[in-house]
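On the provided structure of chain A, position chain B as indicated by the hints.
Top to bottom, those sequences are chains A and B. Numbering of the first sequence is given in the UniProt record's numbering, commencing with residue 1 and proceeding in unit increments. Numbering of the second sequence is given in the UniProt record's numbering, commencing with residue 1 and proceeding in unit increments.
Derived by calculation from the structure, the hints in this document are not laboratory data. A hint or two may mislead.
[What the hints assert, rightly or not] If you only want the chain A side, here are some residues facing chain B, beta carbon under 8 Å, derived: (1) Arg165; (2) Val168; (3) Arg171; (4) Ala172; (5) Asp176; (6) Ala178; (7) Tyr181; (8) Ser182; (9) Met183; (10) Gly184; (11) Ile185.
Every residue gets a Cβ at the ideal spot worked out from N, C-alpha and C, and that includes glycine.
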Amino acid sequence: MDWLFFGEISLAGLAMGGLYALIALGFVIIYKATRVINFAIGEIMMFAAYLFLAFAGGMEMSPWIALPLAVIGGSILGGVIEKTIIRPMLGESPISVVMVTIGIASILVGLVEFVWTADPQLLPNFLPREPVFIGELYLAPKIAYGFLIGSALLIVYLLYFRFSRGGVALRATASDQAAAYSMGINVRRVFNMAWVFGSLAASLAGVLVAATGGLSPQFGIIGLSVLVVVIVGGLDSILGALVAGVFIGWLETVAGAYLGGEYRMPATFLVLAIILVIRPYGLFGTHEIERV
Amino acid sequence: MEALLEIDNIEVVYNKSVQVLRGLSLRVPKGAIVALLGSNGAGKSTTLKSVSGLLTLEDGEVTAGEVRFRSKDVKGVPPERLVRDGLFHVMEGRRVFEDLTVEENLIAATYALSGSKPSLSDSYELVYNYFPRLKERRKQLAGYLSGGEQQMLALGRALIAQPDLIMLDEPSLGLAPLLVEEIFTIVARINREQGTAILLVEQNAAVSLAVASYGYIMENGKIVIDGPADKLTANEDVQEFYLGVGGKEGEARSYRDIKHYKRRKRWLS
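So here's chain A without its partners, still in its complex pose (with noise of 0.2 Å):
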């Protein structure tokens, strides 16, 4: 076995997983607060990842303009979903509402489709090109810089969520709905709060994984893999996400380099198999407390 492949296969897989891990992040996000399993959130990132291709590509900003105005336009999208679709379907079954966001997905790949046709497209270069070297091992400087800038929004939520009063206002808001009602916390503004947040790791890390791969209207389908991710980790759990963002990212990685790419989702949705007869709630999914 050649340690060195291996070794770059891995490094690739693991930063690939950041990515990953972030998207995971923001579909968390959105379920611990408000119980909606957010099937859009690979077209969010699609449509963000267009936003960007329309800023930089069409209208020529400068990338570093255009990354940041695709974010904030992904974050209003889903504040915007959130506030028209979803909040009315409040107290409806939760496969509703389930079915409400697949129905959101497909409409966000038809109006891409529409205004950005359905062929394949490059987006505009903007990360450094120089290799990256770790060691021996050789990194693609675009998966590199892509893992930095998603693990910094990724330490950025973390430091927020546990240390900040808004942070405070989310996890209570995930604990007991009633409860953060009554202590005056406005729990339709967390909900929103939520989806633009969420939507917001979606649509950065939307950008930057076509930025290394390439962008078409069924660059959504990643959402199937971040699917694997957060049920393998846990619906609710932030560290999960995190954990086994990674883990999945190297796996699939892994899996694709060694017996070949059609066995990427085989081999994530088998894992995920093995990991639901073991741990039905995922590795960090909620267990209540007990008091003995």
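Just chain B now, kept in the frame of chain A:
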């Protein structure tokens, strides 16, 4: 005395089909402790929820009557708005945020404050002053507190909000008698020192009537008897059915001797 909270003839229906309150009225004057007593399923908690607006979360609806807080109709006011206006509901079963620390639970309660209130560190100190035990445990997860400590935390959150009215839903639930006494002493102290009015919902009539100045007793969704706490305590029916003291001689009775429904409650007439 000026009324802080007035409930006028409200009716509440759950799921558009189950009527729980049937024309209930009560009032809480400024700075007073008022007890609302009744057995399981009488509608006590529902009464509180219809005031604080949490009823809609459970698919309940006030179909008739009016609830006024500070003479303003609360209908259509979002729950968080009411809290910021000074009406704090401590829900049944304490409902602390179990996976947040004690301190974070208190931080969550600061959302009840609106701009012009005193500084936050003062109000944390106020809470720790009433409940020194919470200070010792402020970095611990609330889920690992004992039942009594959780009740203290629930009360502490209410204190942070500096409300004019605290609605306390069964603070004695599941607590040892000694702890119940401790909690009620603190409730009385909060009322005395902070001037906070308290609407106390309880099954434990003896303790509640001891701290309250006025009491209401409800059955099947409406008030059956009300009066100043000492009058209620002296009332024969209340003694027999709620305080567990016997009819004639007034001595405590053993469960063995109780004949159920020996005499109809007079208010059912």
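Outcome of the hint check:
1. Arg165: Since chain B brings a Cβ to about 6 Å from arginine 165 of chain A, closer than 8 Å, the hint holds.
2. Val168: 5 Å, holds
3. Arg171: 6 Å, holds
4. Ala172: 4 Å, holds
5. Asp176: Cβ of aspartate 176 of chain A sits 6 Å from chain B, so the hint holds.
6. Ala178: 5 Å, holds
7. Tyr181: 4 Å, holds
8. Ser182: With a closest approach of 5 Å, the serine 182 of chain A hint holds.
9. Met183: 5 Å, holds
10. Gly184: 3 Å, holds
11. Ile185: At about 5 Å, which falls below the 8 Å cut-off, the nearest Cβ of chain B leaves the hint on isoleucine 185 of chain A intact, so it holds.
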